[in-house]
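> Taken in sequence, the protein lines are chains E and S.
Reminder that position 418 of the first sequence reads as 418 in our numbering, one-by-one numbering, no gaps.
Each number in our numbering comes from the position in the second sequence (counting from 1) with 1000 added on.
The hints are simulated quantities; they were obtained by calculation from the structure and are not laboratory data.
Careful: at least some of the hints might be erroneous.
Facing chain E, from chain S, some residues (calculated, C-beta under 10 angstroms) [to be verified]: (1) G1407; (2) P1409; (3) K1417; (4) L1436; (5) F1491; (6) I1496.
All C-beta atoms, glycine included, are put in the ideal place defined by N, C-alpha and C.
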Amino acid sequence: MLLVNLILILLIGGVIALMSERMGRNWPRLIALLIVLLDLAYLLSGLSAIPAEKFSLTPAAGDPASWLMAYQADWIPRFGISFNLAMDGLSLVLVVLTLVLGAIAIISSWNEDNDQQGFFQANILWTLAGVIGVFLALDLFLFFLFWEVMLVPMYLLIAIWGHEGKAHASMKFFIFTQLSGLLMLVAILVLAKIHHSATGVVSFSYFDLLDTPMSQGVAHWLMLGFFIAFVVKLPGFPVHTWLPDAHTQAPTAGSVILAGILLKTGAYGLIRFTVPLFPEAALNFAPIAMLLGVAGVIYGAILAFAQTDFKRLVAYSSVSHMGFVLLGVFAWNSLALQGAVMQMVAHGFSTAALFMIAGALQQRLHTRDMTEMGGLWYNMPRMGAVALFFALASLGLPGLGNFVAEFLVLLGLFTVNPWMAAAAALGLITAAVYSLIMMQKAFYGKPDESRKLADFGTLEMGAMAVMIIGLIWLGLYPQPVLDMVQPVLDSVATQVGVTPISWRAGS
Amino acid sequence: MIIESGIVALIAPVVISVAILVIMMQIAFWRNATVSWVLSCLSIAAAMLLLIFPISGSGDGSAQQITPLLVADSYSIFFSILILFACLITSLLAKDYLQSRAGENEEFYLLLLLSGLGALILVSSTHLASFLLGLELLGVALYALIAYPERGHLPLEAAVKYLILSGAASAILLFGFALIYAALGTLSFANIGHQLANSSDNQVLLLMGTAMIFAGIGFKLSLVPFHMWTPDVYQGAPSPVTGFLATVSKSAIFAALMRLYIDAQLYQYNRLLIGIAILAIASMLIGNLLALKQNNLKRLLAYSSVAHLGYLLITMVVYGRLQQPGIAVEAVNFYLAAYVITSLAAFALLTILSSPTIIESGNDQAGNAVANLDAPEPDHIDHLRGLFWRQPVLALLLTISMLSLAGIPLTVGFIGKFYLFTAGIGAELWVLLAALVIGSGIGIYYYLRVVFSMTAKAPESIDMSINQRMSPVAVPVVWVLIAGMLYLGIFPQSFIAYLSGIIL
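For reference, chain E alone in the conformation it holds in the complex:
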């Protein structure tokens, strides 16, 4: 029931935030922030009741007791659809990330003068609810439902509060993700039908559908249905084109949520669904998927380098970074998978922070064009220092989370395909180039001393501090996160039937 409440708090909280606008313009943001924090506290208090040894249990299919938490209720028995939520280490990490970044997203728009504050904050909360649903749903119908529904408030965020090209960007975002979602729906239904004709049971449960016997040809097509939906969201090359537009046009909070959380649903889907449901087809497809990953890493980096728009640069850098996730997932060994999960978390923090800085710059300068910036460190030293930190994190400075992630992915990839690993490693170099160019254009150079700009305030610095501490912690002592997800990766690995190369710092 805790899992249901987790979503309900956000849904109802959205309505409260919407209503609270009547009391005054400043109420919705405060209420929204409190609701996200309440949700987080509720989750953590629920976790403290779980015995510690359960965290190291390998979650087994069909055994709810081996999961951290589970909830199941009948929903549409006509089609064997149940309201089935469950949480394991992987979902836990991602849900916590969602809530933390959700709170940061609300803070990032604290001082923005948006119209219709109530509806704005409500849409943020509803998006968070949808994303958490995606991370928890273990019924494929329910998963698809959350997958699609979370897009609607996100669409509204871009379409209503976006910048000059919002109509085009929001539409592109929605059509890309919806159309790929429909392919996944067809794949889900075909899978359910095959399962039905094999066993006579109509079910959309993840556990039932695992191990569905089918021919290689069919499995390949179904795998592609899932793969496309997730890669569009990731976004992977060559279906990433919606991302720079959506990011550039979205309001700051929208960008933070989009980059920090929404992209992770694609990666999560690959780990949770694509590979375990169709292990052989996925592994046969792995070389192509990895090729797409490498292409994304390099292509994203090159395009990021060519941008003059601050937000577009960060957006393309996301394409590059998420390429590592694709590589990590399809290298499919313990190291690379751990790297992929680390990348999801670390990239969530670093990119969210960069988008927050981009939003702050746009709010102060009314432009995102870096050719019109320069010397901003002089005007806003605190923001400059913070930006430098996250630029370094993004380029993979050892000691920070992103380095650990990319290093693990490359290490795991090397055992599978050294050439790909070599090519992907180029991404680390190019990342240094575009990150530093960004710093140079925006913050270094000759300052315009006449500019009077407000530096980051306490609230923003607080949010930044959370992310800075998070990245340093991930960089210096990533073991807790790795321990948290290791049982999950073990369980999907056994599902897939390929022995993962065991590697743990402790053992």
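Model the placement of chain S on the given structure of chain E, informed by the hints.
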């Protein structure tokens, strides 16, 4: 006793017929629009309640044949309820609309009930004669309804267009009936089915006849390539009538066609299945493509209805391909219910926006506010700009309606689409499914355009100070539609359980 029990079984058409007579007398002796309105709403509600909570002797679920012409079974009862629901919503909202646009007229409700009666007969018909009777009753009353506001040339143009083309379609349909009769010597659905199963003579006549029937019905359902009239008629007809046309007329005709298709075992013909599949693909793709660039909400909905009827045709092909085709009928029932409630929501919005408390009112010489009778309906997409901030509830209504038409989860339209996908995958119709996916993808664009337009800043020209209260009748209607679309989308199980009990 057959007659008595038959009357009980046909309670809905009987109640409506009596209401028609009463209103006719009332108009003759005491012209009062409010009374006519109340009478029509009450009679529709009464008929609906009698169907939902059947008195003893009727509606026990078993099919009851009443003369060779009509049948009362769970299928006809379900569609009767659906039709009456749509009639009720239309009728409730029509009053405010008429006050502003056509003056107060009583005959509107009379025509509405007549048309609804035609639809009720249509869904109960098991014989080509009653089929034609229902169809024409539905159609003839509709011509008058479309042309009802005498001012402005659009309604008249629409009515004439519909009259001529619909007349031609009926003629083709009738010719098809004649050919079937010439080949088989019977007009009853079931007998046609028996004869078709046993004889292989007169194949050419039968094929011609069936093709003509589908062409005639294809016109009424506005399937590509018989869709040309749809946007003009949708745009020209007054909004409540367009809503009626889109929901009552289309769902009743499709329901009757489905019964004919199944009872007469037309699904055995492979060539017919291929023809239906082609119609479906053409409607899905062309309907959606033509809707892309429409700037008028009514024209947009017209092309969208072309696409949706194309989606629905998939179920007919499914029926012909499956050993246990129950899912196809269930899909038709759910999808039509979803489509009816969703379209009603869209047209309810247009009707309310065109009603006097909302439209810009001028002042007459004495300074009293009068409705602007000649004002065009605010059906351009730009008229919706800023609706989110001006009329949040109405904007919510249209947003959910658009999302439901687009098939986004949590709305009833998604479950409908889910049914179509499930049925299509069950029958392994990959080409049709591909068209469905592509069509839905295109559809998202124009449905979202409407939503986007509502979120945009209101133009300066719209005076925010005009009276924007919804009438006391409109408020509950709007909330019922919103609740219906969401409830059936989130908790569809009880409705699905009801539908799975319906056998055709």
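> The structure should be examined with respect to each hint, and the outcome stated for every one.
Here's how the hints hold up against the structure:
{"no.": "1", "hint": "G1407", "in the structure": "holds (8 angstroms)"}
{"no.": "2", "hint": "P1409", "in the structure": "holds (4 angstroms)"}
{"no.": "3", "hint": "K1417", "in the structure": "holds (9 angstroms)"}
{"no.": "4", "hint": "L1436", "in the structure": "holds (8 angstroms)"}
{"no.": "5", "hint": "F1491", "in the structure": "holds (8 angstroms)"}
{"no.": "6", "hint": "I1496", "in the structure": "holds (5 angstroms)"}
Of the numbered hints listed earlier, not one is contradicted by the structure.
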